[in-house]
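All chains, please: the whole structure from these sequences, using the hints.
Spelled out from the first residue to the last, the chains are:
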Amino acid sequence: MVTTPDASLVTPERPVGMGTGPEREFTVKARTQTQLIVRRFFAHKLAVGSLVVFVLILVVSLLGQRFWKYKYGVPDPNALSQAPSWEHPLGTGDLGEDGLAQMLRGAQRSIQIALLVMVTQTAIATLVGATSGYFRSWVDSGLMRLVDLVLTLPVFALLIVLASRLSVGWVGVALVIAFIGWAPDSRVVRGVFLSLREKEYVEAAHALGAKNRRIIVRHLLPNSLGVIIVNATLALAFAILLEAALSYLGFGVQAPDTSLGKLISDAQGAVDTRPWLFYFPGVVIIAIALTVNFIGDGLRDAFDPTQTRVRA
Amino acid sequence: MIVFIVRRLLISVPVLIASAVLVFLMVSAGGDPLAPLRANPNISQDALNARRHDLNLDKPLPQRFGLWAANFVKGDFGNDLNGRPVKPQLFSRLGMTVRLVLVSQFLALGLAIVAGVFAAVRQYSIGDYIVTFTGFLLISTPLFWFAGVLKEWAAIRLNNGLDSLFHTNRRFVFTIGDKTPDFTGNTWDRISDYAGHMVLPTIALAGVTYAVWSRFQRASMLEVLNSDYMRLAQAKGLPRRRVLVRHGLRTALIPLTTVVAINVGAVIGGVVITERVFGWHGMGELLLTAANNRDVNVMLGWLMLAAVVVILANLVADILYAYLDPRIRRT
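Protein chains in written order, with my numbering: chain A, 14 to 325; chain B, 3 to 333.
None of these hints come from the bench; they were simulated from the model. A few of these clues could be false.
[As the list claims (entries may be wrong)] Ranges of calculated distance between the beta carbons of each label pair, as one might list FRET restraints:
#	chain 1	residue 1	chain 2	residue 2	range
1	B	Leu27	A	Asn225	27 to 37 Å
2	B	Ile193	A	Ala136	51 to 61 Å
3	B	Phe168	A	Lys84	48 to 58 Å
4	A	Lys224	B	Arg244	57 to 67 Å
5	B	Gly163	A	Pro102	23 to 33 Å
6	A	Pro88	B	Gly163	53 to 63 Å
[Claimed, not checked] Away from chain B, derived, C-beta distances all over 10 Å, residues of chain A:
#	residue
7	Ile50
8	Pro102
9	Ala217
10	Pro235
11	Tyr261
[Claimed, not checked] Pulled a few chain A residues facing chain B out of the computed Cβ check, cut under 8 Å:
#	residue
12	Leu166
13	Leu238
14	Ala258
15	Phe264
16	Phe307
Note that the structure is a prediction, hence the values are computed from the model and not measured. Yeah, the Cβ is synthetic: ideal placement off N, Cα and C, and Gly gets one too.
In structure tokens:
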């Protein structure tokens, strides 16, 4: 390759927007990529609002049990099947358990599972996608055939079959969901790696003698982080729904423990007499999944360098 | 085109074999199919051994797979835990499940195309925001809860509302089962009875699918609307309607074929949940009972049937895509 050394070195180094005419966003001062992403995200009102609500739900569900006066699973014969009141904001169950205490425990469990699914699934997907996209050839075709295979399996039905065999508590439920769900994400990561590995800076790193591992970890991963994070948020929203569905069918979280899906399942027998036990957990699931989806949408826009119009 | 179809068909065969292996491994992973029998004190050791031999559990895993696969290919799905053959059980329930899936998916497809195109054409209008938000909301709603709300909350109100309109003093939508048991009446009443039972499950199952597809259709239509040839068509002075439908919609529909096919797996999961909520004795119930009882042969038969359906759907989608988009055929 014959290029004048100064041209190829100087151009990417120059701070963006310095003296290149009226590029509105960049005329004030040069910002780092992270600053740009954060700014774009915070300009997305719906996403920011969702983030606030989601963090609130997260904090309340993970810590709320310590501060609420009623404890999970403690029956109270003096307060059977009470409608929501100041004493019991979410009513009580047929044994007098406090609805809010049940809900806090259920939400905690559901969120724990979803977070674990998100981490595990993203890790598997990134590992497979990165390996496949970077090394290509037989590694790629082998791994992608496997992904194709997992994609052609009726996932939810398999989940039922697999989960019915497990009795290892919520961690097992989370791992089974992640084990089934990584395939589509790894395809996305692979796509990003396939296009990034052809970039000049990767070629430059190769020329400088960088090892494969260094190129993947230091050059390619940071640049595909946006896609990975967006996919991870979507995985979180999906995991909340999957766990709820599994627990509803009786194959997820088991009896002494509870989750949002199991709460709904338990309440379904008596929706007419205790509607509050049926409707509130559903609303919480929707709130979590909806805010996470909106956050993911906002992140997608924020990470997209071609996005100039920040949606209000 | 014929070469493409043949090649695509040939690829499906190893995929089917591989998924059979995977399904078999997953079903036999962990869990002892005889555990429920062992727990029962009235069953003797001899009976257990006979059962073990019956299910080939005394043989190594590869041999077990070989025996099962050989029978499966010949159309013998084996017997369930009670000794009844699996195959008739599967196929007798297939009809009502397929009916529910087909009606709800066509409904979802129609709605999604209309809503997606509308939202794209009127981008950032109130209508677009409503469509987009509804999509987000439905994607974030657990299907079983949505179905539960329809069943527990909407059904009564719908029946009362329709009744006050028509004063016929009968129920219009039903919340349990796929038909009224011991129903007597002429063909027309029979059809309306089936329809009344199908309304709510169909809405439930269609809702979630609609959400995914309408968002996809909106994105796909937007991409087409922003392309150069659309501007050219408008610049030529063609009527707006013709530009949108002939040039825009037709192109924007092509990617939807793939999305519809990929969704088949999700719908199979969705129908299991929907049938459970509305108490249908369909495929879903069969799988749930089998999973609870660790009924290996029923699960295997069920999952293989589902895998075949998914693979066929992908096959059809690929061929359709190649037919609609000639660029695919050449690669």
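For a quick check of understanding: which of the numbered hints are violated here, in increasing order? Structure breaks hints 6, 11, 13.
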